[in-house]
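J.: Protein sequence lines correspond, in order, to chains X, L and W. Just so we're aligned: the first sequence equals residues 1 to 287 in full-length UniProt numbering. Just so we're aligned: the second sequence equals residues 1 to 272 in full-length UniProt numbering. Just so we're aligned: the third sequence equals residues 1 to 363 in full-length UniProt numbering.
Errors might be hidden in some of the hints.
Stated by the list, open to error - List of simulated lysine-lysine pairs, DSSO-like, C-alpha gap at most 30 angstroms:
id, chain 1, residue 1, chain 2, residue 2
1, L, Lys95, X, Lys102
2, W, Lys151, X, Lys109
3, X, Lys227, X, Lys47
4, X, Lys272, X, Lys227
5, W, Lys187, W, Lys151
6, X, Lys215, W, Lys332
7, W, Lys187, L, Lys95
8, X, Lys215, X, Lys109
9, X, Lys109, X, Lys227
10, X, Lys102, W, Lys151
11, W, Lys332, X, Lys255
12, X, Lys74, X, Lys227
13, W, Lys332, X, Lys272
14, X, Lys227, W, Lys151
Honestly, the hints are just simulated from the structure, not real lab data.
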Amino acid sequence: MADRRRINGPPGATAPPIYEDDSNQESSGFKATRTRQPNTIRRMYLKTGVTPSASGSAYLEVEMPGKSGASGLKLSCTVHGPRSLPRSSPFSPHIILSSHVKFAPFATKQRRGYLRDPTERDLGTHLEAALRGAIIADRWPKSGVDIIISVIEGDQDRGTAKNQADDSWEDMNVLSGCITVASAALADAGIDCVDTVAGGVAALVRDGSDNGKTKIVIDPIPSEHDKIEAACCVAYLPSRDEITNLWFKGDLPSKEAGLYQELVEQGILASKQANRVLVECLGETVG
Amino acid sequence: MPLDTSAYSLALLRVDGRRWNELRRVHAQIRTQAAADGSSYLEMGHTKVMCVVTGPSEPGARRGGTTGGAGGGGNNAAEVSVTVVVAGFSSVDRKRRGRGDKRNLELQSTISNALAASLHTHLYPHSTISISLHVLSQDGSLLAALINAATLACVDAGIPMTDYVVACTAGSTSTYAANDEDADPLLDLNHQEEQELPSLTVATLGATDRVAVLVCESRVQASRLEGMLAVGVDGCKQVREILDRVVRDKGRKMVSEGTVERGIGLESMDLD
Amino acid sequence: MASTQHVLLSPAELAYIHASLSLSPPIRPDGRTPTQFRPLVAETDILPGTNGSARICFADGTEAIVGVKAEVERTPGADAVYDPDHAYDTNAGETALEAGQSDWVELSVEIPGVRDDDSGVAFLSAVLSEALLADGAFSARLRINRRFHWKLYLDILLISPPLSYPLPLLSLTTHLALLSTRLPRLKSEGDEDPFFDDDWAAAPHLFPRHDTTTTSRPPITLLVMAAGRNIVFDPSREELAVADVALAVSVVATTAGTGKKGGGRSLRLLSVRTIDPPSRLTPPGVANEANSAYGAKAAGLVAGQGQRQPEARAAEAERVEGVWRAPRGGSKAGVLAALVGKVLEEGGVVDEVLEALEGVDLG
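Take the sequences, apply the hints, and build the full model.
T.: Structure below.
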């Protein structure tokens, strides 16, 4: 369905440009491998108060290792509110949270339209669940707050071939980034939360180099691994030791329920690391 | 595949073997769903529809996607809001119709207007009767089936109404272009016939000749129209008999099972 | 319509339901045991115009119909690989095309009175399709040859108004519809244009009934919630309104070997998602001590303005027995693990549900 009001990009499939690496790596046959420890997340940059017109805002950027200059996920979040609900809406004893996640049309290899697609809505639902647990909602009866996240750049490596990476795993990385950045923006807007909530991803990966053995890594980059068996994204409140949102996906035999728990624990670990960045960033703003 | 109408004049039999004035098999059930205020399931040939009626109830915030505010809105009479959902798997080729589809909107407002006129909506001021219709399979006469199903569901919901609103389609044996003077009228068209031949949908108020809905979206000579209309109205009477049978059977069954008490005035009804 | 639809229950009622669900053993409003499902009526193959269809009616009156339709579609990019002269010279692209792709399945959920771009509907269809596509084995079944595949359209209709959170109903109906799905028997061979047997009686099931080695079934998604220390399956709307945490857990069962019923059944966990419990939006109750109608002094009148804030906050934090407070914060990892563990339990609820579904007569 073409949107007639805007100037749209070329219809249908255009071959995504694949850029040669400027470094001396062989572009053909070369496959990025993970150089980080399995229990460290990528470095990230977080800054609050980037949009003066919004009541709260934050910007998050996650580094893409192994490439100079290129960077991974870029998210910008604005929070509008708390403000009064429109007259027509019924009484609510709590603050009404509405979250929108939107990919920029150029954020991923496959061009995204201007209308929100089901994935974006789905991410929005997850984000809402994650934040609703953190916000002390009964302090603002009869009011609403809008949380708008734009994904400026998705978590995709431009160098990888089309079939190599599966988009669906990247959604988890995007979600975890969304949770962290939204939490920072909420704090910037001065909305009371029980704690800062941050997202973390852990994945069970199978690599050919390890003789097909599985291992758990946190903050995975799908293109760095041969196959991702399962992944899980958690939103975690460190001071209360509670999870507000959990999204697990994959294929695990029930005999290995321990593996599932370990994944969640590693997800929590990733979330704790992201939370340290979050707290430091918020501390800077205050100080 | 174009419809071969040439064979009709030879044996006076239509593509599915019916005579000109024969209805397809009509199968109907009411109270198909325990939780709804009223519900029904209706088959006219291979056209299968389900209907669920909620209300009369307080007008809620649920307004998404429903149209048709016939019956004076929320003030002095109940609002009849109709939603038609055409399942993607209902036709031979899968085609998904969005909720904002213009054909759907037209179906909705036609049904809403027809029912609002015959239901005693003035008894329920400030309330909404919401009718949701699901098309599971379509093979012509869609609007007629929807109206019949909605009527049955309203009967089940116990909403007072003047009479059954029953609908049926009628057509003509030859195309408009053929300009055949002595073309016979046809009753209850299937999808194939509906594609090729001129057709109209007529709904009447029970066994009377009072027409509640008349929709004709194809070109037809005015001289043929009268015959088609007469056949359609006659078909409606047949449909009314069938629907009435269904309602009475269900009522009888419920009384004999003890689901409902035999009311005053029911003594005259023969319970077998 | 998310799970967060408004429930018309007063704080006192919510507190009562929560308290009775937290008892040991829990007392559910409809008298079920914690692992018991609502009784249901199910039938399959109700629509001859579809490849597979099913209808399930829960005892509370919610009803869903699922129709599956399949169309042959050309696999994009495969024609480059195919060369009629060297039809069996297969090297390139073999592995890439062996597996199915996730866009071979299109799933749509339709709920009356809800806009189809509602995020709750998007969430429901994401949960259902995620479970279907999790292992890639399902879409691999849709492969015809290297150039063509079946495109499967799953249309999920909720017939009744959504009285309770419809996820388990929709999932079970989809499961049955897929079980009854049949695809025409392929007559052509190799990578030539597909040609099918027009005898519907000869059409094989998408999920073969009596496979000799392993039988796999479509996945099912269950709704589990925790209240207090109890785990409750298939919560009704009222129960969900007081849930501390609710999870949608998708599992698939594979039976190794035939013969024994449920003997060699092993479960695989496909997806877990937290459902935002509507309890977070419920109105809180006011304890008598804090209610000025019962003689409580309004905070802030006694204390100075500066002290008012912390005091009000302290009052906010403490819980009074029997007074409903919407849950705040998340849930412990242990609780979530226990919920998932309970679903995966051998001989547990999933086995029960699957056996019940297998009992449904598949025409």
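J.: Now tell me, hint by hint, if it's right for this structure.
T.: Here's how the hints hold up against the structure:
no.	hint	result
1	L:Lys95 to X:Lys102	28 angstroms, holds
2	W:Lys151 to X:Lys109	24 angstroms, holds
3	X:Lys227 to X:Lys47	33 angstroms, violated
4	X:Lys272 to X:Lys227	26 angstroms, holds
5	W:Lys187 to W:Lys151	18 angstroms, holds
6	X:Lys215 to W:Lys332	25 angstroms, holds
7	W:Lys187 to L:Lys95	27 angstroms, holds
8	X:Lys215 to X:Lys109	28 angstroms, holds
9	X:Lys109 to X:Lys227	20 angstroms, holds
10	X:Lys102 to W:Lys151	28 angstroms, holds
11	W:Lys332 to X:Lys255	23 angstroms, holds
12	X:Lys74 to X:Lys227	25 angstroms, holds
13	W:Lys332 to X:Lys272	15 angstroms, holds
14	X:Lys227 to W:Lys151	25 angstroms, holds
Violated hint: 3 only; the structure is consistent with all others.
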